[in-house]
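Protein chains: 2
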Amino acid sequence: MGGTSSPCASCKLLRRRCSPDCIFAPYFPSNDLCKFAMVHKVFGCSNITKILKNVPVEQRGDAVRSLVYEANARIRNPVYGCVGIISKLETQVLELQMQLAVVEEEILSIKMQQEFIFTNGGT
Amino acid sequence: MGGTSSPCASCKLLRRRCSPDCIFAPYFPSNDLCKFAMVHKVFGCSNITKILKNVPVEQRGDAVRSLVYEANARIRNPVYGCVGIISKLETQVLELQMQLAVVEEEILSIKMQQEFIFTNGGT
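Same order as they appear, the protein sequences are chains A and B.
Taking numbering that gives the first Met the number 0, the leading residue of the first sequence gets 0, the next gets one more, and so forth.
Taking numbering that gives the first Met the number 0, the leading residue of the second sequence gets 0, the next gets one more, and so forth.
Calculated directly from the structure, the hints in this document are not laboratory data.
Because the structure is a prediction, the values reported are computed rather than measured.
A few of these clues could be false.
Any copy will do: because identical chains look the same in the list, a pair fits if it lies in one copy or spans two.
Capping the alpha-carbon separation at 27 Å, the derived lysine-lysine pairs in DSS-like fashion look like this [as the list claims (entries may be wrong)]:
hint, residue 1, residue 2
1, Lys110, Lys11
2, Lys87, Lys110
3, Lys11, Lys87
4, Lys110, Lys34
5, Lys110, Lys52
6, Lys49, Lys110
7, Lys49, Lys11
8, Lys40, Lys110
9, Lys34, Lys11
10, Lys34, Lys49
11, Lys52, Lys40
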């Protein structure tokens, strides 16, 4: 039972016995079936197992969180998934960099004007 | 053969007959085994099939490109995958928004100073 009193969400959904060393049990508690259902739908059980086994135990919690996020993004946006979010953020970064360049240019121009006015005594 | 002269990369890797209506053939040409190998490693064949079938034909090219990007990110960073990229971009957006706020504050302050100088005749 993965160290808990009831089978984990993965074993519940896959209708199998939850062994004490179940790789999913620490990350998919029995009261949250939805979380496992999402990653299972997108990655499949054997792929999640492979990914988790490929990661040190202390980083598996983070790996599960990122897989859940990624699966959720793919379910919401079947064509672009996470890549849609990356694309929007990249556009936002470019827009902000452009805005920053414009404002910095404006500051430079104001400072040059000020310098000119002070040097020429306001004439 | 998915309409081409040799089996597509997917059928080649999975050692199966490539039928004329193979769902992978248009997106995984036989000369690029690596692309299919990557998505297969992360999502598995049946999950890629499900995702593609869930998407209109005219958007399947984009879906494949996003799956390849996502798989590549997961292989490079097994713990965070695409979510690592999203996290970095979110940090970059926040930093740029803060920089922009600082620079805009600076402009406002310079303009107020200028106004004060002009109103008080530089005294």
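Status of the hints after comparison with the structure:
no.: 1; hint: Lys110 / Lys11; result: neither (68 Å within a copy, 65 Å between copies)
no.: 2; hint: Lys87 / Lys110; result: neither (35 Å within a copy, 34 Å between copies)
no.: 3; hint: Lys11 / Lys87; result: neither (37 Å within a copy, 35 Å between copies)
no.: 4; hint: Lys110 / Lys34; result: neither (55 Å within a copy, 53 Å between copies)
no.: 5; hint: Lys110 / Lys52; result: neither (59 Å within a copy, 59 Å between copies)
no.: 6; hint: Lys49 / Lys110; result: neither (59 Å within a copy, 60 Å between copies)
no.: 7; hint: Lys49 / Lys11; result: both (20 Å within a copy, 23 Å between copies)
no.: 8; hint: Lys40 / Lys110; result: neither (58 Å within a copy, 57 Å between copies)
no.: 9; hint: Lys34 / Lys11; result: within (12 Å within a copy, 34 Å between copies)
no.: 10; hint: Lys34 / Lys49; result: both (18 Å within a copy, 19 Å between copies)
no.: 11; hint: Lys52 / Lys40; result: both (19 Å within a copy, 14 Å between copies)
Violation of the numbered hints given earlier is confined to hints 1, 2, 3, 4, 5, 6, 8; the remaining hints are satisfied by the structure.
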